[in-house]
Amino acid sequence: GAVVSQHPSWVICKSGTSVKIECRSLDFQATTMFWYRQFPKQSLMLMATSNEGSKATYEQGVEKDKFLINHASLTLSTLTVTSAHPEDSSFYICSARAPPWGPGLAGTGELFFGEGSRLTVL
Amino acid sequence: GQQVMQIPQYQHVQEGEDFTTYCNSSTTLSNIQWYKQRPGGHPVFLIQLVKSGEVKKQKRLTFQFGEAKKNSSLHITATQTTDVGTYFCAGIGGAQKLVFGQGTRLTINP
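One line per chain: the protein sequences are A and E, in this order.
Residue numbering for the first sequence follows the numbering used here, beginning at 1 and increasing consecutively.
Residue numbering for the second sequence follows the numbering used here, beginning at 1 and increasing consecutively.
Here are the simulated lysine to any residue pairs, SDA-like style, with alpha carbons at most 20 Å apart: (1) LYS41/A with GLN11/E; (2) LYS97/E with GLU52/A; (3) LYS97/E with GLU63/A.
Chain A side only, calculated, beta carbon under 7 Å to chain E, not exhaustive: (4) SER43; (5) LEU44; (6) ILE93; (7) GLU110; (8) PHE113; (9) GLU115; (10) GLY116.
Rather than coming from a laboratory, the hints here were simulated on the basis of the structure.
All residues carry an ideal CB built from backbone N, CA and C; glycine is no exception.
Bound-form chain A, shown alone (with noise of 0.2 Å):
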């Protein structure tokens, strides 16, 4: 089946510096992503959706400026975490949702999860 891979998957950092995460679809081309946030035994929360070539749809209350999107090609989308703080902690996931035409999958409009990024800001 499609695979999505997520990197890091983790990373500490010191208050005030920035992360990267990456998020490449290995086997299959994206044109959309998604970037969610899970807090510790919650529900996974929609960021925003990564498109490709375009600027990113953020979801309301998330901070643009503070979470980057990229998605500069089919098969990558990057989330930067500028500025970060402690309560920047978390686990950020990212997704994809199989073309129609993947095989096996028959547009079932599945998502296939990265492994996740669990973020801790000192």
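Assemble the complex: chain A is given as a structure, and chain E must be docked to it using the hints.
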């Protein structure tokens, strides 16, 4: 906006007992998806339901989509320790966005 409510939040069962989690949407859904997230892992797609009243089975898992396409359930028969994890429903409504329920965390006593 669209809200997807899921209950219960937690469920602890003895191995071999059945388990059910329920999902309710504030709006009619075009489809509903179910995901499983193991502790420390990422969500993994289980199934998608599209039709009103649809019932699908995957071995010991039974998924239902309500007639009004506003609710859904996941039932696991005779739970096993491998079923441990958090089960999320996620619905697509009018805005074509996938909205996740809060999840039901299942723990099992072997």
